[in-house]
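Chemist: Top to bottom, those sequences are chains C and P. What the first sequence shows, in my numbering, is residues 805 to 1008, in sequence order. What the second sequence shows, in my numbering, is residues 5 to 437, in sequence order.
Hint data in this document are derived by calculation from the structure and do not stem from the laboratory. A portion of the hints provided could be inaccurate.
[Said to hold, decoys possible] Restricting the straight-line Cα-Cα distance to at most 20 Å, the calculated cross-link-like pairs of lysine-lysine (PhoX-like) are: (1) P:K387 x P:K415; (2) P:K156 x C:K834; (3) P:K415 x C:K856; (4) P:K30 x P:K151; (5) P:K415 x C:K870; (6) C:K835 x P:K191; (7) C:K839 x P:K415; (8) C:K835 x P:K156; (9) P:K191 x C:K834.
[Unchecked claim] According to the in silico footprint, chain P covers these stretches of chain C (three or more CB under 8 Å from chain P): (10) 817-825; (11) 923-934.
Keep in mind it's a predicted model, so treat the numbers as computed, not measured. Idealized CB from N, CA, C, for every residue including glycine.
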Amino acid sequence: MVFAYFPNSSDEEDFEFSDKNRKELERVVKKYPVKRSALIPALILVQKQEGKISSKAMQYLASYFKTSAMEIWSVVSFYTMLKTNDLGKFHFQVCDNLSCALLGAGKLIDFLEKRLDCPTGKTRSDKKFSIERVECLGACGGAPCLIINTDYFENITAEILEPIITSLEKGEAVIPRGADEVALNIIKDSSFISVENDVSDNSE
Amino acid sequence: MSSTLEKIVTSRFDDSTYQHIDAYEKSAGYQAIRSIVDKGVTSEEVIEIVKTSGLRGRGGAGFPCGLKWSFVPKVNGPKYLAVNADEGEPGTFKDRELMLRDPHQLIEGILIASYAVGIEKAYIYIRGEYSAPILVVEKALQEAYEKGYVGKNIFGSSFNCNIYVHSGAGAYICGEETGLLESLEGKRGHPRLKPPFPAVEGLYGRPTVINNVETLCNLPHIINKGADWFSQIGINEKNSGTRMYCVSGHVNKPGLYELPLGLTCEEIIEEHSGGIIDGKKLKAVIPGGASAPVLTSKEVYEDKIKMDFDSLAAAGSMGGSGGVVVMDESTCMVQVAARLSRFFEHESCGQCSVCREGTGWVSEIISRIERGKGVKEDISTLKSIDPNMRGNTICVLSDACAMMFGAILNKFQDEFEDHINKKCCPLNSPYSV
């Protein structure tokens, strides 16, 4: 349990969906007999567009869903993946739950903090990297594992991570490692995307 | 009973082309739903087949699937299916692979369940971290819609069923049935008081069935091959079929093993998962995800506990979600208890004070013992908290936390005492909590 306060809105810009995302939200809303069900998908869309969920965006959604900003905030603050702070262009979610911890997640986090020059739970000042310790990611057969933005990397060691991080620093594409590999063709070719792999592009 | 290691839900796992509808159809795909629709099999008959098969829920509670469906009242108006793909129980990773490798099997399972219960709308609630499975299932759904297997007048009949993907946003408690429904309604994932049960009053106040991904994936096979075939696999008619054991931790070959119910824990570790790393000895095994009480080496190798629902329940543990976490002799059980308590503390939704405060204090006390700051009274304090955290809350997250630390404390109390007496972690385990 973490106590969280409604983010300060004084220096924020007004929020507006891009045309593409507004259309996407209209498509999503139609899936449900009750509009409110589209709130979490809408929040995910906001985060994809802006990199985080600002208080102005919550106010925007409050009027869209005909409720209060506080009600939206109550939902945002409940879910681990919904963020009100700036993340790095590359956000590392490192699992340190039991299976990963048994196989060296602790050492992996130590390595990452040094290599990325960024403490866990923080975003580096140039907003290039951020690290977060997270609960079980559901890839324990490939422990230790982590997620960079939306991609899974399984059976990870410092030696394996080093070239991946170097590629990220150079702006080169990296490919997921582990079970996600079987979906590479679909991730790449997917023409209709409701979960876009572009958090990184927007958080700069 | 059959002793062959027949694969059911993972039978297509070796070939990634099964993500596509053409390959799936060539491998008897969509034949099960097509046959029941074409023959006009009644919903009662489908429910009866599933009841006879003995299929029990693969998500955690192990509730008989057909019985669950039969609780849905025959009323007019919408009914819903919520597919629980919010896999979050530490140690569990089967639903992710089922969706990645064979998404059409899940879609066909959803259609069969919907047909049986008279449902026209199904939502697949996939945890938000699973970006790739979300894409794969959406792509598969698009293919199925294009062929007319999902949507209106399926196979030219009066059966309609729309299926939608809904992404979660990171909350373990949304894997609890009613927490999932709240989340699907766009709210905080606070579990609901029961009764009313979701079968009567679920999503949007309407009758709702909630099934796990693996449970649904078994359905096409049961329809194709018959209830008797399914009930012959496994140890007895109440523990029939296979389970996807998710083996992780200190084993040589961690991974997914689909095996008939009723194998021993020893067989799963030694024969299928390649034994313990570096030839070390086993200390403990979590047999069914973090909530399942831990088994000791003696229970595994001497008592030869079997890994079906009822054998594990008789041994004071549970089959849970099939997450098998193996820990070798170097593992510090106080650290394990501290880490898992922290997990439950983080994931407590905060509605019930017993859980909100209980998980927090348990985590605090066990972490303190691990750091060498524990006092003798901590053990009796923990033992007095345990029963108070059971049966007193809206959902069973609090009970799960108590089952977890209660079992570790009872079976490894000497390690807790050792920490307190020596004022440090005597095992100096390689990881920190």
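Chemist: Confirm or reject each hint.
Modeler: Cross-check of the supplied hints:
1. P:K387 x P:K415: 13 Å, holds
2. P:K156 x C:K834: 16 Å, holds
3. P:K415 x C:K856: 45 Å, violated
4. P:K30 x P:K151: Holds - the C-alpha atoms of K151 (chain P) and K30 (chain P) are around 14 Å apart, at most 20 Å.
5. P:K415 x C:K870: Given pair K415 (chain P), K870 (chain C) is violated - Cα atoms ~53 Å apart, limit 20 Å.
6. C:K835 x P:K191: With Cα atoms ~17 Å apart, K835 (chain C) and K191 (chain P) stay inside 20 Å; holds.
7. C:K839 x P:K415: Since the Cα atoms of K839 (chain C) and K415 (chain P) sit roughly 50 Å apart, the hinted pair is violated (cutoff 20 Å).
8. C:K835 x P:K156: 15 Å, holds
9. P:K191 x C:K834: 18 Å, holds
10. 817-825: Violated, because only 0 residues of the region 817-825 of chain C bring their Cβ atoms closer than 8 Å to Cβ atoms of chain P.
11. 923-934: violated (count 0)
Checked against the numbered hints above, the structure breaks hints 3, 5, 7, 10, 11 and satisfies the rest.
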